[in-house]
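Engineer: Residues per chain are reported as follows:
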Amino acid sequence: MGQKIVIDPVTRIEGHGKITLHLNDEGMVNQAFFHIGQVRGFEKLCEGRPFYEMPSLMARICGICPVSHLMASAKACDALMGVQIPEPAANLRRIMNLAQIIQSHALSFFHLASPDLLLGMDADPATRSIFGLMAANPDLARDGIRLRQVGQQIVESLGGKRIHPAWVVPGGVNAPLSVEQRDRILSLVPNGIDIILKTLAWYKRGLEKHREEIRTFGNFPTMFLGMVSATGGLGFYGDGFLRIVDSTGSVVADHVDPHTYQEFLGEAVEPWTYLKFPYYKPAGYPNGIYRVGPLARLNLVNQCGSPLADQEFAEFRSLERGAVLSSFHYHYARLIEILFCLEKMDQLLNEKDILSKHVRAFASPNNEEGIGVAEAPRGTLFHHYKIDDQGRIVWANLIIATGHNNLAMNRAVLQVARHFVDGKKLQEGMLNRVEAVIRAYDPCLSCSTHAVGQMPLRISLVGPEGEVVDELNRGSHGSHADNADRSALSA
Amino acid sequence: MRVLIVGYGNPLRGDDGVGPEAARRLAAELQDPEIEILTEVQLKPELAELMSRVEIAIFIDARADGEPGEVRIEEVVPREPAEQTFTHQFAPPMLLMTARILYSRIPRTFLVSIAGQNFELSEGLSAVVKAALPEVLRTVQSLSQTRTSTD
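Chains as they are written, first to last, in my numbering: chain A, 1 to 491; chain B, 1 to 151.
For the record, the hints were derived by calculation from the structure and aren't laboratory data.
Glycine is no exception: its CB is placed at the ideal position from the N, C-alpha and C atoms.
Treat the hints with care, as some may be off.
The following residues of chain A were derived to be distant from chain B, with all beta-carbon distances above 10 Å [unchecked claim]: (1) Phe33; (2) Asp122; (3) Gly144; (4) Ala253.
Just the calculated beta-carbon pair ranges, DEER-fashion [to be verified]: (5) A:Thr127 with B:Ser104: 18 to 24 Å; (6) A:Lys204 with B:Arg100: 29 to 35 Å; (7) B:Gln42 with A:Gly120: 28 to 34 Å; (8) B:Glu74 with A:Pro138: 25 to 31 Å; (9) B:Pro33 with A:Val269: 54 to 60 Å; (10) B:Glu74 with A:Gly160: 28 to 34 Å; (11) B:Ala64 with A:Val269: 31 to 37 Å; (12) A:Gln347 with B:Ala131: 30 to 36 Å; (13) A:Ala268 with B:Asp65: 43 to 49 Å; (14) B:Ala91 with A:Gly429: 49 to 55 Å; (15) B:Arg138 with A:Lys198: 58 to 64 Å; (16) A:Arg205 with B:Pro33: 43 to 49 Å.
Some, not all, of what chain A presents toward chain B, calculated at C-beta under 8 Å [what the hints assert, rightly or not]: (17) His111; (18) Ala113; (19) Ala135; (20) Ala141; (21) Ile145; (22) Arg148; (23) Gln149; (24) Gln152; (25) Arg215.
Start from the sequences, fold in the hints, and give me the full structure.
Structural biologist: Here it is as structure tokens:
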């Protein structure tokens, strides 16, 4: 008789997810599902609100990446107004977006993923945490905190506060940059670069010991999608064009206008999760699987666009002849992107008109429909609004980065589970790898289901007739069931 | 800076916003360069670094148990969580432990908690919690004067 393993909640991710592994009669995994059981409904609750409230409302979707929603939302509002915002305002928005990517990526790498990377996938779960990390490598833990502070302090300096800053508005930003702000931000960059270069060197030294995970963590052919800058580099603000490449790195579609996303992106639904499954329409569902986020972006661009990051990029791309396929390398890509963000910020702050007082365009709505696109830490983010003649929102559609990766995350869970999980000799380290592959994608479940939630995950073992044979269940504080429970999962 | 005051909670969850509201009122009343007052939705590890640089840290938070409006003071001691699943938030004892491990220095730390009545999706404090705010402010101001070994 087959079985089902349930991991609930999945730990060290944002939001509340559950994994179900279905075993065959031999105790091997033959199906795997990553379920998101929370629903937020932001698209509905904003209906009837004045369009100019949208950036502030949409930023409430997430406490980790509010700035990404600010960017995409403000850009959608710019489109409703039909304005081209002043370039200094666009550059100031870019700087805030880069700062947020730094702090979000630092959270993912240093606080969520590093315990696995430093202490090992099979380490005692009681110590495989940020406190275990602190004990084993306090320098790494301090660097993570410092890098987070750098990103947060820049966001706070620009927006007045770290969470939900109201500085980004339709038409631009609501205050210019002062000399003191610029100099303060510039002073933070060198320390950030030192930390990330040190971290990259540490990470690369340790890659060899993760060879098996690299080979099996979401390592399969998919397409990759994201925005690239007008010059083919990293373009987080989303004012270049969309590019899609295949698993060999060959371009599938280029110079795609992101405003036409509905023509090439479909969203499928499944009855076992609230998270939709975006796919590339020309390839159908589910063959239209693609990935977004740091790994995708580094597979899409010709170069990053800053000197030190470009050196690291060249080394990264030499990992494979075509696209870098293993989702384990999301971690590596995240570090390179942090480096780029710091360098790019320095470039932008030295633009001659960065202190310009002309940072906002004013207009009433001139269009009934507006689309805003930006690259969030986790991938491409779309905000699409329609308004009535009073400027009130009548319809909204959001496609969130984590959603784009849903098909790939599910396939990655299956790949890892098939490789590592033996239902007859279940070990905690096997299941931790199932969670760790999810962490590589750094999903933001609150964002993607547009939840008041905790991040806890569940793994279920299901028999061939659908019966739940056993569950690895974490309570609201996310504790694993004890080993005795799990060792009793045999058929 | 000698004293760090952190009011934390979610103002969109009714009385869970009492910490940020108390911090906001304290910021309006206290104009002391030796006191830094922060409002947070939740506590994150970065605060540990700041804590390591002060003599006294005071956290203000809502709690779910107790008679609504009841104000409780407790001294916080460093402690790792019983269950090691870090998401995005820390409790004051974890922050204190982080400060000890990473920065080798910890302040005297207090938690002032107020029992809430309503934690549903809503803005504004219930009347009984609002009525407790003056006591909260007096308590925090008094704790901020606590003498430490460096005084």
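Engineer: Could you run down the list of hints and mark each one as holding or not?
Structural biologist: The hints, checked one at a time:
1. Remark: the non-interface label on Phe33 (chain A) is consistent with the geometry, its nearest Cβ contact in chain B lying 22 Å away (cut-off 10 Å).
2. For Asp122 (chain A), the condition that its CB be more than 10 Å from all CB atoms of chain B holds, with the nearest at approximately 15 Å.
3. Against the 10 Å criterion, Gly144 (chain A) falls within the reach of chain B, whose nearest CB is about 8 Å from its own CB.
4. With a least beta-carbon separation of about 36 Å from chain B, Ala253 (chain A) lies farther than 10 Å from that chain, consistent with its non-interface assignment.
5. Separation of Thr127 (chain A) from Ser104 (chain B) is about 21 Å and conforms to the stated range, judged on CB atoms against 18 to 24 Å.
6. Distance hint check for Lys204 (chain A) and Arg100 (chain B): the Cβ-Cβ separation is about 31 Å, which falls inside the suggested range of 29 to 35 Å.
7. The supplied range of 28 to 34 Å is met by Gln42 (chain B) and Gly120 (chain A), whose beta-carbon atoms lie about 29 Å from each other.
8. For the pair Glu74 (chain B) and Pro138 (chain A), the supplied restraint of 25 to 31 Å holds, since their beta-carbon distance comes to about 28 Å.
9. Restraint check, Pro33 (chain B) to Val269 (chain A): a C-beta distance of roughly 56 Å satisfies the suggested window 54 to 60 Å.
10. Distance hint for Glu74 (chain B) and Gly160 (chain A): a CB-CB separation of about 33 Å, consistent with the stated range 28 to 34 Å.
11. Checked against the hint of 31 to 37 Å, the C-beta distance between Ala64 (chain B) and Val269 (chain A) comes to roughly 36 Å, which is consistent with it.
12. The given range of 30 to 36 Å is broken by Gln347 (chain A) and Ala131 (chain B), whose C-beta atoms sit roughly 54 Å from each other.
13. A beta carbon spacing of about 45 Å between Ala268 (chain A) and Asp65 (chain B) agrees with the range 43 to 49 Å that was offered as a hint.
14. At roughly 28 Å, the beta-carbon separation of Ala91 (chain B) and Gly429 (chain A) lies outside the given 49 to 55 Å, and the hint is violated.
15. At roughly 47 Å, the beta carbons of Arg138 (chain B) and Lys198 (chain A) sit outside the given window of 58 to 64 Å.
16. A hinted range of 43 to 49 Å for the beta carbons of Arg205 (chain A) and Pro33 (chain B) is consistent with their spacing of about 45 Å.
17. Residue-level restraint check for His111 (chain A) holds (minimum Cβ-Cβ distance to chain B is 6 Å; threshold 8 Å).
18. A cut of 8 Å between beta carbons decides the hint on Ala113 (chain A): the least distance to chain B is about 11 Å, and the hint is violated.
19. Interface hint status for Ala135 (chain A): upheld, as the beta-carbon distance to the closest one in chain B is roughly 7 Å, under 8 Å.
20. For Ala141 (chain A), the interface hint holds, since its Cβ comes within 8 Å of a Cβ in chain B; the closest pair sits about 6 Å apart.
21. For the restraint placing Ile145 (chain A) at the interface with chain B, the shortest Cβ-Cβ distance is roughly 5 Å, inside the 8 Å limit, so the hint holds.
22. Contact between Arg148 (chain A) and chain B, as hinted, is supported at the beta carbon level, the nearest pair being about 5 Å apart and thus within 8 Å.
23. The restraint placing Gln149 (chain A) at the interface with chain B holds, with a minimum CB-CB distance near 5 Å, inside the 8 Å limit.
24. For Gln152 (chain A), the suggested interface contact is upheld, since its CB lies about 7 Å from the closest CB of chain B, less than 8 Å.
25. Checking Arg215 (chain A) against chain B by beta carbon gives a least distance of about 27 Å; that is not within 8 Å, so the hint is violated.
Checked against the numbered hints given earlier, the structure breaks hints 3, 12, 14, 15, 18, 25 and satisfies all the rest.
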